[in-house]
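Enquirer: Spelled out, the chains give:
2 protein chains.
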Amino acid sequence: MAQQERAIRTRRVILEAAAAIFDERGYESTTIAEVLERAEVTKGALYFHFPSKGDLARGVLDAAVTTDGVRPQALKLQEMIDIMLLLAYRLPREPMLSAALRMAIDLQSRRQFGTAWPDWIELLTGILRDAKSRGEVLPHVDEAEIARMLVCTWTGVRVVSEGLPGGCDLPREVAVLLQILLPAVATPTVLPRIEVSAARAAHLYDDMPAWRAESARAEAVGLTH
Amino acid sequence: MAQQERAIRTRRVILEAAAAIFDERGYESTTIAEVLERAEVTKGALYFHFPSKGDLARGVLDAAVTTDGVRPQALKLQEMIDIMLLLAYRLPREPMLSAALRMAIDLQSRRQFGTAWPDWIELLTGILRDAKSRGEVLPHVDEAEIARMLVCTWTGVRVVSEGLPGGCDLPREVAVLLQILLPAVATPTVLPRIEVSAARAAHLYDDMPAWRAESARAEAVGLTH
Numbered sequence: 001m002a003q004q005e006r007a008i009r010t011r012r013v014i015l016e017a018a019a020a021i022f023d024e025r026g027y028e029s030t031t032i033a034e035v036l037e038r039a040e041v042t043k044g045a046l047y048f049h050f051p052s053k054g055d056l057a058r059g060v061l062d063a064a065v066t067t068d069g070v071r072p073q074a075l076k077l078q079e080m081i082d083i084m085l086l087l088a089y090r091l092p093r094e095p096m097l098s099a100a101l102r103m104a105i106d107l108q109s110r111r112q113f114g115t116a117w118p119d120w121i122e123l124l125t126g127i128l129r130d131a132k133s134r135g136e137v138l139p140h141v142d143e144a145e146i147a148r149m150l151v152c153t154w155t156g157v158r159v160v161s162e163g164l165p166g167g168c169d170l171p172r173e174v175a176v177l178l179q180i181l182l183p184a185v186a187t188p189t190v191l192p193r194i195e196v197s198a199a200r201a202a203h204l205y206d207d208m209p210a211w212r213a214e215s216a217r218a219e220a221v222g223l224t225h
Numbered sequence: 001m002a003q004q005e006r007a008i009r010t011r012r013v014i015l016e017a018a019a020a021i022f023d024e025r026g027y028e029s030t031t032i033a034e035v036l037e038r039a040e041v042t043k044g045a046l047y048f049h050f051p052s053k054g055d056l057a058r059g060v061l062d063a064a065v066t067t068d069g070v071r072p073q074a075l076k077l078q079e080m081i082d083i084m085l086l087l088a089y090r091l092p093r094e095p096m097l098s099a100a101l102r103m104a105i106d107l108q109s110r111r112q113f114g115t116a117w118p119d120w121i122e123l124l125t126g127i128l129r130d131a132k133s134r135g136e137v138l139p140h141v142d143e144a145e146i147a148r149m150l151v152c153t154w155t156g157v158r159v160v161s162e163g164l165p166g167g168c169d170l171p172r173e174v175a176v177l178l179q180i181l182l183p184a185v186a187t188p189t190v191l192p193r194i195e196v197s198a199a200r201a202a203h204l205y206d207d208m209p210a211w212r213a214e215s216a217r218a219e220a221v222g223l224t225h
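Protein chains in written order, with UniProt numbering: chain A, 1 to 225; chain B, 1 to 225.
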């Protein structure tokens, strides 16, 4: 068990080192030697977990679709908003997440490894369907179309804002976007009950250690969360 | 005069050849030799118009902010919508436009040459201010914030949709986006009078030759348009 935990930790360290370099300079120009140096692990450990550089890329992309830190809410739409707000707070702080986006918008890496966008669209479509069956979503809304639009616009806010002079306060930008889009999705009775703000994003982030501890406890006693 | 026209045409041919290669493979991996071969012009002509590869990049970016083909409308908001719809129709058809976007999302080119996004935001902010002064825009709307959001989301729709399996019908995607965003911008009396559809994008595109001919005539008799 202790050995297994160590292996999981080593794998994570390698992946985070690789993500940090992918994020800085792109997948193409990253070498295994640099990942080794940054991760401070042996060559043997690296090749055990990731036989090729491509496996590192796939590992980063797999980690990019995450709902970690999001707690169940009375409104399914609030859960969806929380997922997008929390991601906006985490992405500029976690190279693993921003490296995945960097690889998705790079033509060469995209052709080789695809992107996490279809998985994100599927995830949001499922939540929107669930929300609709509970009467939270306007009846004429096409869930897959809105999910796709949410992924497109969220990404655009990140990509463009990052390139503008003065940089980008991503949680604030994403909150503004969601405030504009939400009236096209939520029913009038549900709309005022949903909280969309940069402050909520920060709160969700601060709550992550507690969420992680609870998840670990639940897992230890065999509960799913 | 004939000589000047020929020079303008040669400059355009070179720029379009460069844009096509930037668009396919990125600015970094493009060589001047390839541009020469694609443009079928002499080395002297190329260096006369563009002393360095960087000048080609700047030339492409300069051409990326365009309202060509957009006619004055009774509603300023309709003009703004037309600019964004027409761009959605033109971009997949014109390497000059898609190369500019490709360079903007590439970290290396962006650091070197900047992007056209601030110019786009300025252009749309101006139109929104004008529209507001005519009572077309909701009073609480922050024009610069909405302009920024429009540029972010338009770009996101292009970047993500292009990477999704099944490709992308950009005018349709952009029309859906604008239909969702517009109620957050336009006053209730103006909203139903604005046409936002992929069909309108196609119509604007088909009208471009006529628009060009009229602009050329107006210019010849010294009118501004």
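Possibly wrong hints are sitting among the right ones.
Unchecked claim - Negatives, chain A to chain B, calculated, CB over 12 Å:
no.: 1; residue: 23
no.: 2; residue: 36
no.: 3; residue: 114
no.: 4; residue: 115
no.: 5; residue: 117
no.: 6; residue: 118
no.: 7; residue: 135
no.: 8; residue: 166
no.: 9; residue: 195
no.: 10; residue: 197
no.: 11; residue: 202
no.: 12; residue: 221
What the hints assert, rightly or not - If we take Cβ atoms under 8 Å as the criterion, some of the chain A residues that face chain B in the derived model are:
no.: 13; residue: 203
no.: 14; residue: 206
no.: 15; residue: 210
Keep in mind the hints are simulated off the structure, nothing from the lab. Ideal Cβ placement from N, Cα and C applies to all residues, glycine included.
Enquirer: All hints are to be evaluated individually against the structure, with a verdict given for each.
Expert: Okay, the hints, checked on the actual structure:
The non-interface label for residue 23(A) is inconsistent with chain B: the shortest C-beta to C-beta separation is roughly 10 Å, within 12 Å. No Cβ of chain B approaches the Cβ of residue 36(A) within 12 Å, the least distance being about 24 Å, so the stated non-interface status holds. The claim that residue 114(A) is not at the interface with chain B is violated, since a C-beta of that chain comes within 12 Å of its own (minimum 8 Å). The Cβ of residue 115(A) does not lie farther than 12 Å from every Cβ of chain B; its closest approach is about 5 Å, which violates its non-interface assignment.
Chain B draws residue 117(A) into its interface by the beta-carbon criterion, the shortest separation being 6 Å against a cut-off of 12 Å. The claim that residue 118(A) lies off the interface is violated: its Cβ sits roughly 6 Å from the closest Cβ of chain B, which falls inside the 12 Å cut-off. Against the 12 Å criterion, residue 135(A) stays outside the reach of chain B, whose nearest CB is about 21 Å from its own CB. With a minimum CB-CB distance of about 10 Å to chain B, residue 166(A) fails to clear the 12 Å threshold, and the non-interface call is violated.
A cut-off of 12 Å between C-beta atoms confirms that residue 195(A) is not in contact with chain B; the least separation is 18 Å. For residue 197(A), the requirement that its beta carbon stay farther than 12 Å from each beta carbon of chain B is met, with the minimum near 15 Å. At roughly 20 Å from the closest C-beta of chain B, the C-beta of residue 202(A) stays outside 12 Å, upholding its exclusion from the interface. Taking the minimum C-beta to C-beta distance to chain B, about 40 Å, the non-interface status of residue 221(A) holds against the 12 Å cut.
At about 23 Å, the closest approach between the beta carbon of residue 203(A) and any beta carbon in chain B exceeds 8 Å, and the interface hint on this residue is violated. At about 27 Å, the closest approach between the beta carbon of residue 206(A) and any beta carbon in chain B exceeds 8 Å, and the interface hint on this residue is violated. Hint status for residue 210(A): violated, given a least beta-carbon distance of 32 Å to chain B, over 8 Å.
The structure shown violates the earlier hints numbered 1, 3, 4, 5, 6, 8, 13, 14 and 15.
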